[in-house]
Amino acid sequence: MIKVMIVDDHPLLREGIAAVVDGESDMRVIAEAGNGVEAIDRFREHRPDVTLMDLAMPQMDGVAATVAIRAEWPQARIVILTTYNGDVAAMRALKAGACGYLLKSLIRTDLLTAIRSVHAGHRRIPREVADELAEHIGDEVLTERELGVLREVAAGNSNRSVAMKLGISEETVKVHMKNILGKLAANDRTHAVTIALKRGVIDV
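When you line the sequence shown up against our numbering, it's residues 244 to 447, in that order.
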């Protein structure tokens with residue numbers, strides 16, 4: 244019997260996944276959590292075989308929770324559930340120690356296979372996510388400062404406002420934006436934000 248824990252901040256989604264899992268003869272849901280902090284506590288208490296972990300949650304996100312859980316239990320098998328098919332978001336999850344990465348749009352068709360596959364010791368990554376990872380494998384990574392600038396731009400702030408918020412000069416913001424456009428192969432600020440959101444470089 245594969246013991247499964249579901250971690251997601253949406254109760255209805257947890258309920259739906261639980262119904263699917265509990266309908267199988269070889270697996271059952273033994274615990275649920277609504278954020279990363281709860282997930283760590285529930286893991287300590289129940290020691291599930293496979294954890295289905297939402298990526299974006301309040302208090303502590305799925306990547307941070309995965310890092311924390313695997314620091315205590317290196318053999319923990321965690322599948323990230325997400326709406327993001329971007330390569331950067333996937334790479335963060337895999338570097339954190341996730342064994343699988345499942346798009347919520349594919350839960351109906353791929354969930355049970357992913358659980359069994361990860362439980363058997365395999366990695367599980369959707370084809371479209373794997374293609375994104377391969378396409379951007381050699382890309383330059385944005386620095387923390389560049390990420391900060393891009394997040395402020397995504398929030399609708401002008402260069403002057405970004406400079407004031409981050410305590411840097413407007414000219415420095417322009418230099419960072421030039422670097423960001425180059426690294427993301429973007430035509431302008433709006434294009435850069437669109438690409439960054441699609442790839443999971445930043446989220447909203």
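Please keep in mind that the hints were generated in silico from the structure rather than gathered at the bench. Don't take every hint at face value.
To be verified - List of simulated lysine-lysine pairs, DSS-like, C-alpha gap at most 30 angstroms:
hint, residue 1, residue 2
1, K426, K408
2, K417, K347
3, K426, K347
4, K417, K441
As the structure is a prediction and not an experimental result, all values here were calculated from the model.
Does K426 pair with K408 here, judged by a C-alpha cut-off of 30 angstroms? holds (23 angstroms)
Would you mind confirming whether the straight-line C-alpha gap from K417 to K441 stays at or under 30 angstroms? Since the Cα atoms of K417 and K441 sit roughly 23 angstroms apart, the hinted pair holds (cutoff 30 angstroms).
Measure nothing beyond the straight line between the CA atoms of K417 and K347; if it is 30 angstroms or shorter, mark the hint as holding. violated (37 angstroms)
K426 paired with K347 [C-alpha distance capped at 30 angstroms]: Holds, at about 29 angstroms.
Consistency with the previously given hints fails for number 2 only.
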